[in-house]
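Q: Taken in order, these protein sequences are the chains called W and E.
Each residue of the first sequence is one higher than the last, beginning at 1 in the working numbering.
Each residue of the second sequence is one higher than the last, beginning at 1 in the working numbering.
If you are wondering where the hints come from, they were derived from the structure by calculation, not from laboratory data.
Where hints are given, some of them may not hold.
[Claimed, not checked] Some chain W residues judged to face chain E by a derived CB distance under 10 angstroms, without partners named:
(1) R167
(2) C168
(3) L177
(4) D232
[Claimed, not checked] Taking lysine-lysine pairs in the BS3-like style, the calculated list, with each CA pair at most 27 angstroms apart, reads:
(5) E/K171 <-> W/K87
(6) W/K29 <-> E/K123
(7) W/K29 <-> W/K87
(8) E/K123 <-> E/K171
(9) E/K91 <-> W/K29
(10) E/K171 <-> E/K91
(11) E/K91 <-> E/K123
[What the hints assert, rightly or not] Distance ranges between label pairs, derived from CB positions:
(12) E/V185 <-> W/V72: 51 to 59 angstroms
(13) W/V285 <-> E/R126: 48 to 56 angstroms
(14) E/Q245 <-> W/F156: 53 to 61 angstroms
(15) W/G32 <-> E/P213: 36 to 44 angstroms
(16) E/P213 <-> W/V72: 53 to 61 angstroms
Heads up, the beta-carbon is just placed ideally off N, CA and C, and yes, glycines get one too.
One letter stands for each residue in the lines below.
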Amino acid sequence: MLGLQLAIAGVATGSVYALIALGIVLIYKCSGVVNFAQGAYAMLGAYISYFMLRLHLPAVVAVLAAMAIMAVIGAATERLILRRMLKAQIVSVMMVTLGLLIFFRALCLAVWGPDQIAFPQIFPAGSIDFAGVYITYNYVAAFALATTLSVAFLCFYQFTAIGLMQRCTADNTRAALAIGIHVSNQISIAWAASAALAGLGGALLATLGGLSLTISDIGLVAFPVIVVGGLDSLVGALIAGFLLGVLEAFTEGMLTPALETVLRKFTSIDSVGALQQVIPYALLVLMLLLRPQGIFGRRGVERV
Amino acid sequence: MRAEAQAGAAAAPLLAARGVSVHYEGAISALEHIDFDVPQGALVALLGANGAGKTTLMKAIAGMLPFERGEVTAGEIDFDGFSCVRAHPAKITRRGVALVQDGRQCFRSMTVEENLRAAALLKPARAREMTDLVYDYFPMLREMHARAAGFLSGGQAQMLVIAMALMGQPKLLLLDEPSLGLSPVMVQAVFDAVERVHRDLGASVVIAEQTVPRLLTIATDAYVLSRGTVAIHAAPSQITEDELQRVYLS
């Protein structure tokens with residue numbers, strides 16, 4: 001039963017990883033920028049949701065409003081900062097996104113302080129009994145929301161006119177311009193959508209584990225996710241998100257206790273620390289060695 | 001032929017470029033005070049050696065220069081009453097200019113059908129009709145509609161990008177060396193298609209090439225560029241292979 005319990009918890013957090021990783025892939029595909037500030041968007045989304053909830057807005061309204069604000073912040077980041085760096089070197093652009101992460105963290109620190117805040121209950125308290133395992137509504141709701149939104153987004157990307165323009169922009173900028181697509185608007189849309197998705201992800205993380213600045217660390221977990229899934233594959237980000245969530249849960253719940261039991265028996269070592277935090281990066285290194293383009297990434301569909 | 005070209009020029013041309021100069025990266029001069037007209041319904045041959053300025057002129061008309069660190073530094077380009085200088089390329093495309101760029105620029109990760117659907121986003125109302133039309137022009141595309149564009153051969157990809165340009169129902173079609181790197185059979189097919197587009201859709205066409213005798217037999221007007229200036233502007237029948245060689249080698 002422990003296995004099932006861990007799998008469910010892992011799938012729930014994994015679905016949030018997927019949601020946030022989706023945004024990173026979206027931005028990368030469209031504008032070629034690896035956005036290190038994605039974790040900051042998640043954190044900011046969580047704090048803004050908290051602020052809205054404190055105004056006694058209904059939970060749905062509060063979270064939707066926070067997502068809308070995040071979309072504006074995402075688009076503004078692109079328009080005001082990244083658009084000016086079109087001709088800059090890729091390292092400079094990455095440094096700028098890293099700077100944004102630090103800036104947003106400092107901003108939240110100044111406004112809301114360093115302490116963990118209890119996030120208002122937005123899902124009903126209680127749990128459901130699933131094959132003898134009790135799952136709290138928080139986990140069920142986080143999983144359902146993150147998964148629904150991710151799938152809805154993939155459908156949007158694949159089947160709507162704006163989705164088609166997004167894919168064109170991602171595939172070939174010159175060709176997109178030639179058929180009348182306003183490429184820079186598409187890039188703004190990608191940043192807006194990406195920040196809104198991350199904002200929701202952050203709010204969901206806050207419902208699971210409370211609200212603090214450490215939510216922005218999710219951005220660092222999201223990178224192993226997209227490297228494993230493939231930097232340019234949205235579906236890959238989704239699947240790798242689930243995979244990593246489950247792997248982390250099993251490491252924390254089974255591998256760590258087992259290792260510690262063995263170590264205590266034969267050595268004087270008591271603890272192996274937070275081994276689950278190492279797993280994503282171990283997987284990242286392994287993936288880069290074995291299959292650098294990720295599970296679903298393309299080397300490029302091209303006839304040379 | 002000559003009389004026809006002159007009669008066309010007398011009416012207000014569809015495209016009029018006057019004294020156009022282009023510089024790359026603020027320093028390198030690519031075009032110097034070019035005058036270039038495309039009369040309504042004309043098929044203009046734009047000839048010149050490598051580096052003469054053919055591609056630059058087309059990019060200037062379509063507004064694509066800013067993406068290559070280029071800039072129109074002097075002159076005016078008027079298309080159907082709309083100034084193309086400093087306009088966004090998407091806007092120029094919406095006005096009815098379609099540029100078939102060098103390097104067969106299509107969406108390689110998407111299927112042929114999706115490529116055409118994307119190209120029709122500009123004028124979705126007649127998308128169905130236009131798709132049938134381009135499949136009729138290029139039956140090969142219908143056969144390959146479900147294939148990723150990245151897997152097409154050079155000639156097939158060239159057909160696709162021309163078809164994509166047609167989906168937006170342009171008034172002016174600009175083709176940048178469409179025959180480059182194609183087999184003679186494919187070159188033949190491309191020119192057949194262009195001629196058909198010109199005749200049936202009533203679009204004005206500009207074709208840039210280095211040297212294709214066939215082009216001079218179908219063109220209504222011809223320009224020869226050399227080192228960023230117009231070396232010859234004459235009726236196609238007036239331009240001989242010897243003369244071209246002289247300009248190219250000068």
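Q: Each hint: holds or not?
A: How the hints compare with the structure:
Evaluation of the W/R167 hint against chain E yields a held restraint, the C-beta minimum of about 6 angstroms falling below 10 angstroms. Nearest Cβ of chain E to the Cβ of W/C168: about 5 angstroms, under the 10 angstroms cut. The hint holds. At its closest, the beta carbon of W/L177 sits 5 angstroms from a beta carbon of chain E; the interface hint therefore holds under the 10 angstroms criterion. Taking 10 angstroms as the C-beta contact cut-off toward chain E, the hint placing W/D232 at the interface holds, the least distance being around 9 angstroms.
Restraint check for E/K171 and W/K87: not satisfied, since their Cα atoms lie roughly 33 angstroms apart, outside the 27 angstroms limit. Between the alpha carbons of W/K29 and E/K123 the distance comes to roughly 26 angstroms, so the proposed pair stays at or under 27 angstroms and holds. Between the alpha carbons of W/K29 and W/K87 the distance comes to roughly 17 angstroms, so the proposed pair stays at or under 27 angstroms and holds. Taken as a hint, the E/K123 and E/K171 pair is honoured in the structure, with Cα atoms around 13 angstroms apart against an allowance of 27 angstroms.
Distance hint between E/K91 and W/K29 is fulfilled; the C-alpha atoms sit about 24 angstroms from each other, no more than 27 angstroms. About 14 angstroms separates the Cα atoms of E/K171 and E/K91, which keeps this hinted pair within 27 angstroms; it holds. Between E/K91 and E/K123 the CA atoms are separated by roughly 13 angstroms; this keeps the pair inside 27 angstroms, and the hint holds. For E/V185 paired with W/V72, a C-beta distance near 55 angstroms keeps the hint of 51 to 59 angstroms intact.
For W/V285 paired with E/R126, a C-beta distance near 53 angstroms keeps the hint of 48 to 56 angstroms intact. Evaluation of the 53 to 61 angstroms hint for E/Q245 and W/F156 yields a pass: the beta carbon distance comes to about 56 angstroms. At about 43 angstroms, the CB distance of W/G32 to E/P213 agrees with the hint of 36 to 44 angstroms. Taken as a hint, the range 53 to 61 angstroms holds for the pair E/P213 and W/V72, whose Cβ atoms sit roughly 59 angstroms apart.
When held up to the earlier numbered hints, the structure conflicts with hint 5 and nothing else.
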